[in-house]
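Work out the full structure: start from the sequences and follow the hints.
There are 2 protein chains.
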Amino acid sequence: MTTKILRGQALTFKADPFLVGDDQSFQYESDALVMIEDGKIKSFGSYASLKDSIPEGSEVTDYKNSLIIPGFVDTHVHYPQTEIIGAYGKQLLDWLNNYTFVAEQKFADKNHATEVAKVFIKESLRSGTTTSLVFGTVHEHSVDALFEEAEKLNLRMVAGKVLMDRNAPPALLDTAQKGYDESKALIKRWHGKGRLSYAITPRFAPTSTPEQLKMAGELWKEHPGTYVQTHISENLGEIAWVKELFPERSDYLDVYDHYGLLGERSLYAHGVHLTESEWARMHKCGAAVCHCSTSNQFLGSGLFSFEKAKDKTRPVKTGLGTDIGAGTSFSHLQTMNESYKIGQLSGYSLSSLKAFYLATKGGAESLYMEDKVGSIAPGMEADLVVLDLKSTPLMDFRMGFCKDINEVLFILMTLGDDRATESVYVAGEKVYGK
Amino acid sequence: MTTKILRGQALTFKADPFLVGDDQSFQYESDALVMIEDGKIKSFGSYASLKDSIPEGSEVTDYKNSLIIPGFVDTHVHYPQTEIIGAYGKQLLDWLNNYTFVAEQKFADKNHATEVAKVFIKESLRSGTTTSLVFGTVHEHSVDALFEEAEKLNLRMVAGKVLMDRNAPPALLDTAQKGYDESKALIKRWHGKGRLSYAITPRFAPTSTPEQLKMAGELWKEHPGTYVQTHISENLGEIAWVKELFPERSDYLDVYDHYGLLGERSLYAHGVHLTESEWARMHKCGAAVCHCSTSNQFLGSGLFSFEKAKDKTRPVKTGLGTDIGAGTSFSHLQTMNESYKIGQLSGYSLSSLKAFYLATKGGAESLYMEDKVGSIAPGMEADLVVLDLKSTPLMDFRMGFCKDINEVLFILMTLGDDRATESVYVAGEKVYGK
Numbered sequence: 008m009t010t011k012i013l014r015g016q017a018l019t020f021k022a023d024p025f026l027v028g029d030d031q032s033f034q035y036e037s038d039a040l041v042m043i044e045d046g047k048i049k050s051f052g053s054y055a056s057l058k059d060s061i062p063e064g065s066e067v068t069d070y071k072n073s074l075i076i077p078g079f080v081d082t083h084v085h086y087p088q089t090e091i092i093g094a095y096g097k098q099l100l101d102w103l104n105n106y107t108f109v110a111e112q113k114f115a116d117k118n119h120a121t122e123v124a125k126v127f128i129k130e131s132l133r134s135g136t137t138t139s140l141v142f143g144t145v146h147e148h149s150v151d152a153l154f155e156e157a158e159k160l161n162l163r164m165v166a167g168k169v170l171m172d173r174n175a176p177p178a179l180l181d182t183a184q185k186g187y188d189e190s191k192a193l194i195k196r197w198h199g200k201g202r203l204s205y206a207i208t209p210r211f212a213p214t215s216t217p218e219q220l221k222m223a224g225e226l227w228k229e230h231p232g233t234y235v236q237t238h239i240s241e242n243l244g245e246i247a248w249v250k251e252l253f254p255e256r257s258d259y260l261d262v263y264d265h266y267g268l269l270g271e272r273s274l275y276a277h278g279v280h281l282t283e284s285e286w287a288r289m290h291k292c293g294a295a296v297c298h299c300s301t302s303n304q305f306l307g308s309g310l311f312s313f314e315k316a317k318d319k320t321r322p323v324k325t326g327l328g329t330d331i332g333a334g335t336s337f338s339h340l341q342t343m344n345e346s347y348k349i350g351q352l353s354g355y356s357l358s359s360l361k362a363f364y365l366a367t368k369g370g371a372e373s374l375y376m377e378d379k380v381g382s383i384a385p386g387m388e389a390d391l392v393v394l395d396l397k398s399t400p401l402m403d404f405r406m407g408f409c410k411d412i413n414e415v416l417f418i419l420m421t422l423g424d425d426r427a428t429e430s431v432y433v434a435g436e437k438v439y440g441k
Numbered sequence: 008m009t010t011k012i013l014r015g016q017a018l019t020f021k022a023d024p025f026l027v028g029d030d031q032s033f034q035y036e037s038d039a040l041v042m043i044e045d046g047k048i049k050s051f052g053s054y055a056s057l058k059d060s061i062p063e064g065s066e067v068t069d070y071k072n073s074l075i076i077p078g079f080v081d082t083h084v085h086y087p088q089t090e091i092i093g094a095y096g097k098q099l100l101d102w103l104n105n106y107t108f109v110a111e112q113k114f115a116d117k118n119h120a121t122e123v124a125k126v127f128i129k130e131s132l133r134s135g136t137t138t139s140l141v142f143g144t145v146h147e148h149s150v151d152a153l154f155e156e157a158e159k160l161n162l163r164m165v166a167g168k169v170l171m172d173r174n175a176p177p178a179l180l181d182t183a184q185k186g187y188d189e190s191k192a193l194i195k196r197w198h199g200k201g202r203l204s205y206a207i208t209p210r211f212a213p214t215s216t217p218e219q220l221k222m223a224g225e226l227w228k229e230h231p232g233t234y235v236q237t238h239i240s241e242n243l244g245e246i247a248w249v250k251e252l253f254p255e256r257s258d259y260l261d262v263y264d265h266y267g268l269l270g271e272r273s274l275y276a277h278g279v280h281l282t283e284s285e286w287a288r289m290h291k292c293g294a295a296v297c298h299c300s301t302s303n304q305f306l307g308s309g310l311f312s313f314e315k316a317k318d319k320t321r322p323v324k325t326g327l328g329t330d331i332g333a334g335t336s337f338s339h340l341q342t343m344n345e346s347y348k349i350g351q352l353s354g355y356s357l358s359s360l361k362a363f364y365l366a367t368k369g370g371a372e373s374l375y376m377e378d379k380v381g382s383i384a385p386g387m388e389a390d391l392v393v394l395d396l397k398s399t400p401l402m403d404f405r406m407g408f409c410k411d412i413n414e415v416l417f418i419l420m421t422l423g424d425d426r427a428t429e430s431v432y433v434a435g436e437k438v439y440g441k
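In the order they appear, the protein sequences are chains P and E. All residue numbers in the first sequence are consecutive under the numbering used here, ending with 441. All residue numbers in the second sequence are consecutive under the numbering used here, ending with 441.
Treat the hints with care, as some may be off.
Said to hold, decoys possible - Here are the simulated distance ranges between beta carbons: (1) P/G293 - E/P400: 37 to 45 Å; (2) E/K71 - P/R173: 43 to 51 Å; (3) E/S65 - P/G354: 54 to 62 Å.
Please keep in mind that the hints were generated in silico from the structure rather than gathered at the bench. None of the values given here were measured: they were computed from a predicted structure. Where a beta carbon is used, it is the ideal one built from N, C-alpha and C, also for glycine.
As structure tokens, this is what we get:
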């Protein structure tokens, strides 16, 4: 059995800093060893404490000037929208009609889907993201295309075909029955295969009939362990539309709850305008919110509230999402940069530790995968990203003035981008190197 | 006489798109020649129209996949704050006390100033910025250090020593008389030397006594052609403080006006919270506002209004500022990205043409330098940046879906950063190449 050993600075989280405070949340080693066997972490600790346990003849990869952290977890992203990043001038509903629904129609061609899936995975890895929760298109084979590529690299990934049977171009509509059948076939084909999982994926309430939402809820009940992913309360126009379409429901979240789409392993993107009672219900049900900062700014959706999401009396599981293509970067470093700014604009200073938590363990907890990915500890799967602390001349200069790991992390998220990704390991295998 | 010739796509502005509309504002050549002689542009136009005028034996540099535009103009930046980019957790007034005033004290040592000036100029050029309006520190030699480095590269630059005689640490205070004398000495030494100009630089109203503001106004009057640079209405706490310190003045701008610091060649950073009457007065006096998007977000200062600044009934000259170190990027591409987001959050979609105008000709007009820099036309100084349209794999992929120059520019500002800077020319000389 070969042991792979990485040496460098390392950081991981042991608890949620929003709940236990920054100081109690993390483990930082200024000179760490990460020992990997069979795709899992065998041991992790200071070099001094572990050096005597290095098996004879093992090769140690020394990442000087670098920080080893868990691979980033992207809890909300649309791979078919890779080609419309940076589409100009619209807010949510117009943006869907003018750009998204146009791009997604091209996925009727599976070759196109495969081509974009390859770009998507490459860009995710270039940015240090090793696990993603991904929307396909309405086309069943859009998920096949993605999972076929993910499987080659043994990625831990969750994805699903979009369910949409109204309020979209005819070419992008399924029916309640067709959506159910195709999703079920995909679950059978992919869920639990290697490191892949399936997410039942109604796009959002306005594009599914009550019948489709009902069948989606039933499908979820029939397949424990699968996920639900959708959108909620991103934009005020969207919320008004949901109210119009579902006047009998008490609020937006109640629509999903009513149709059996709320619970553990359900992840809701955005939640910019959630009400207090919606937050409380999400907490109670173990659902998660996916905060997508670059997207919320790019579409002018509004300012997410970290204080509401993480209210200690009823904290809600929270992950970070790039939301490509409304988001403007695959990099969680850039996403954190924007999250900080969103906090500042609403009078809340997001600490670097909290931001890195959201981007790693927070995402894993949102996916109920905290026993598998999102931190560095014995028994965890070895999904790691090595961040170059001197990845640009300016970062190199600026790091010279940092006094502690908080500052180092803050400089990484303020000045860093995909160039900071030195190496990426997936289940112990190096899949990307600068 | 040697003729230097660049070939590539090229874009420049002929008028303000906020006033004449996007379509009437620009000149785009899909295959252009820029002919340079003696540091100035001799001719500019399509390759087809100019190819017969290429002097025999001239070398033509062919920038394939690139866009030649005027060098970026940064209308607001603090070079001494290069080392505090990404300092965590504060809004304006605390940020000054906790970070800025600490960093600026190190500039008592001129060697330190020179070291930072070198980094600053290098980073500006790496980002394609060829002209900047720069704050030094209170130390007279901080400006010498910067200008000495700028002179070596023949940069068109404007800078000034900070005037500050109250409300800052003692080590950073001058007096009204000392500030006047030192500024005057710097004007004599540097203003009009090569391409350098001087800016009288009261930091902002709260850190100067009425006496100092008065003497600054007198100094400006004595030296026509020099500039005034300062801050205005960045943050609500700051505005309240100004009201407290100058209860007799009608508003923030009135403080500067009263002391003779308002007029053509006066540039005010931020203006996030200006009132209608302040905007109108700035228009009337020919003053300019410097919009600093990454900084306004990073410090949570608020959302700048393009619609107010560029109200057609009383448009105000407007440039773009990085505001390093409260700003988070030297790159005007990244600054435009954030400007777009600020617009979106307040319901205004900033077009890519308007953004590029602000970053080039808009800045030059704010500095009353539109006859020298900020556009590509015969007789203009040859300050140019060549932008690589395929500077990252993602940008390369995304550019494949662009239909026109508007989209190309929008992708540049959404996905671009310093990597997009292919080459930089200053007065016709190549000073940076990737």
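Here's how the hints hold up against the structure:
1. P/G293 - E/P400: 37 to 45 Å: holds, 38 Å
2. E/K71 - P/R173: 43 to 51 Å: Distance hint for E/K71, P/R173 holds at roughly 47 Å.
3. E/S65 - P/G354: 54 to 62 Å: holds, 59 Å
Hint violations for this structure: none, all hints satisfied.
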